[in-house]
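Residue numbers (the numbering used here), protein chains in the order written: chain W, 1 to 220; chain G, 221 to 613.
Read the hints as simulated data drawn from the structure, not as lab findings. A quick note: this is a predicted structure, and the numbers were derived from the prediction, not measured. Some clues are possibly wrong.
As a list, the in silico BS3-like pairs of lysine-lysine whose alpha-carbon atoms are at most 25 Å apart [unchecked claim]: (1) W:219 with W:37; (2) W:76 with G:471; (3) G:303 with G:537; (4) G:254 with G:475; (5) W:37 with G:475; (6) G:303 with G:315.
Next come the chains, spelled out residue by residue.
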Amino acid sequence: MLTRSDPHLTVANIARNSGGARVDLVLVADMVEPGGKVLDVGCGDGELLRLLAETRGVDGRGIELSREGVNECVAKGLAVIQGDADTDLADYPDDAFDYVILSQTLQATRHPRVVLEHMLRIGRRAIVSFPNFGHWRVRLQLLFAGHMPQTDILPYSWYDTPNIHHCTIKDFRQLCTAIGVEMERAVALNAWGSPLRLNAPWWFWNLFGEQAVFLLSRKS
Amino acid sequence: MTEVNVSTRQATPREADAPRDSLLVRYGADKPLKLDAGVELSPFQIAYKTYGTLNTARSNAVLVCHALTGDQHVASEHPLTGKAGWWETMVGPGKPIDTERYFVICPNVIGACMGTTGPSSTNPATGKPWGLDFPVVTVRDMVRAQAMLLDHLGVDTLFAVAGGSMGGMQVLEWAASYPQRVFAALPIACATKHSAQNIAFHEVGRQAVMADPEWRGGRYLLEGTNPRRGLAVARMGAHITYLSDAALHRKFGRKFQDRDNPTFSFDADFEVESYLRHQGISFVERFDANSYLYLTRAMDYFDLAADSGGVLANSFKGTPTRFCVISFTSDWLFPTSDSRAIVHALNAASARVSFAEIVTDKGHDAFLLDEPELFAIVRGFLDGAGRARGLGK
Numbered sequence: 001m002l003t004r005s006d007p008h009l010t011v012a013n014i015a016r017n018s019g020g021a022r023v024d025l026v027l028v029a030d031m032v033e034p035g036g037k038v039l040d041v042g043c044g045d046g047e048l049l050r051l052l053a054e055t056r057g058v059d060g061r062g063i064e065l066s067r068e069g070v071n072e073c074v075a076k077g078l079a080v081i082q083g084d085a086d087t088d089l090a091d092y093p094d095d096a097f098d099y100v101i102l103s104q105t106l107q108a109t110r111h112p113r114v115v116l117e118h119m120l121r122i123g124r125r126a127i128v129s130f131p132n133f134g135h136w137r138v139r140l141q142l143l144f145a146g147h148m149p150q151t152d153i154l155p156y157s158w159y160d161t162p163n164i165h166h167c168t169i170k171d172f173r174q175l176c177t178a179i180g181v182e183m184e185r186a187v188a189l190n191a192w193g194s195p196l197r198l199n200a201p202w203w204f205w206n207l208f209g210e211q212a213v214f215l216l217s218r219k220s
Numbered sequence: 221m222t223e224v225n226v227s228t229r230q231a232t233p234r235e236a237d238a239p240r241d242s243l244l245v246r247y248g249a250d251k252p253l254k255l256d257a258g259v260e261l262s263p264f265q266i267a268y269k270t271y272g273t274l275n276t277a278r279s280n281a282v283l284v285c286h287a288l289t290g291d292q293h294v295a296s297e298h299p300l301t302g303k304a305g306w307w308e309t310m311v312g313p314g315k316p317i318d319t320e321r322y323f324v325i326c327p328n329v330i331g332a333c334m335g336t337t338g339p340s341s342t343n344p345a346t347g348k349p350w351g352l353d354f355p356v357v358t359v360r361d362m363v364r365a366q367a368m369l370l371d372h373l374g375v376d377t378l379f380a381v382a383g384g385s386m387g388g389m390q391v392l393e394w395a396a397s398y399p400q401r402v403f404a405a406l407p408i409a410c411a412t413k414h415s416a417q418n419i420a421f422h423e424v425g426r427q428a429v430m431a432d433p434e435w436r437g438g439r440y441l442l443e444g445t446n447p448r449r450g451l452a453v454a455r456m457g458a459h460i461t462y463l464s465d466a467a468l469h470r471k472f473g474r475k476f477q478d479r480d481n482p483t484f485s486f487d488a489d490f491e492v493e494s495y496l497r498h499q500g501i502s503f504v505e506r507f508d509a510n511s512y513l514y515l516t517r518a519m520d521y522f523d524l525a526a527d528s529g530g531v532l533a534n535s536f537k538g539t540p541t542r543f544c545v546i547s548f549t550s551d552w553l554f555p556t557s558d559s560r561a562i563v564h565a566l567n568a569a570s571a572r573v574s575f576a577e578i579v580t581d582k583g584h585d586a587f588l589l590d591e592p593e594l595f596a597i598v599r600g601f602l603d604g605a606g607r608a609r610g611l612g613k
């Protein structure tokens, strides 16, 4: 269970489906074709890796910053190493994975752009999920209350948050364009964990999506 | 732990030729061991122990590699000291390396003194102990001999190879030399090469042995002497490197040994002195001084990358083996950075690797001690590998 007291977790209280799995993780898993080779960057306690192994039959590996998370994963039989998205992705060779996943971690990296570029170097595809800082509740807090926003999924104070590079859905799309990445699929979830209408315009997603999941690939 | 008397109970040279409570395989002139030194060792023998049962598919064998001063008695009473096996916390029924599921093989390494051919064994050419005529051996030679043992036992592929320290070096050598024979590898508290600092510590130990007049140029077995003091000093020095400042402080601090005031002499006033003396003296009862020279040398020479053109990742290129690398926060002999170098090389080779660092103040020795997190990780890793190997559970 994600709680605020876990210092290594970047988000909290994400909606769960009836089976108990986090909705965003189920969405991520749905984007992965069965049987592939997957690297989960910032894999936490291994919930996504386990989900991927059980439902998609993938060969999964993980990197996790917190020692507790790593040791828990290894004890579960998952192939996880202690490491840092900002420094350790450089060691992996090109095309080592079918998918590299960054789940709710992008905003906590030091160099999000470099991390994203590495992801699409080592993986043929990348899946990125992140909390949307353009969500109306975030905007209202800054606009009317005049303090740094705190929400269910972003519960930290400005001085103790691990999230140092917040972005909106619009920002993220601009980054993808800037580094020449193909956006194959995107899903935005509202605060109750339900996907927004696919035909809704981007500004609508940017305002009502609490988080987003993008499936990316290299421009061919 | 007061003044400890030198026990009269001592390993006779014959233990090296006819080990007690062990299995023995002898290789004749038709099966020499080719050594890195460019010579062939023949005839030679390997002493080993097994625990558990090899399944009909021959797929559940686990090779346990011992460290510098270890031996084949991994999970049963030591015939010389009467103490429990050196890794009974890890290996046994219901333990992480579960002898009810796995067939555990633990051989004594080449160059050692507990029944596998080494410098204290009888040289068949002369009928006398080898002494310094014994060829210098390497970690790869140890592994080559172990591969011959597996052939003898009819084990084509190991389910797992596990070991710490020098045992971990053998694990890495196994994965590099025989990738198709190793399904899972557990190198613990080790490195792909011995550091300058570690070579330096070993050199101090060797010099202590050789400075003992009873060493007699390595001919002490022939001349009926025993360089006990030199070997004990070597052990005392080495033992400090196996611990940590924090552990020494926690266990001993500046406490006096059975006295309230300093004696203003060079007695073992402090508990830590008495402890080290005990470590040194009990070690010489069971270990051969020349073996100590040979095995420390083997560790010094170990450099896996050098065998692959200096690029460590090439040692593991295309490896099918799954790895679980483990280090300990307070291990300054084989620090976490050494394990991280292994992990980086394995990542660069796209190997399936897990890596965990365990928080402890027990230093390098932590791999031999009661570390619940270590046990949970080894168990979890082997369970996962076992499922992939079709071993059930």
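Cross-check of the supplied hints:
1. W:219 with W:37: Measuring from Cα to Cα gives roughly 20 Å; hence the hint holds.
2. W:76 with G:471: 33 Å, violated
3. G:303 with G:537: 42 Å, violated
4. G:254 with G:475: 52 Å, violated
5. W:37 with G:475: Not satisfied, since the Cα-Cα distance of roughly 56 Å exceeds 25 Å.
6. G:303 with G:315: Roughly 18 Å between the alpha carbons, so the hint for residue 303 of chain G and residue 315 of chain G holds.
Hints 2, 3, 4, 5 from the list above are not met by this structure, while the remaining hints are.
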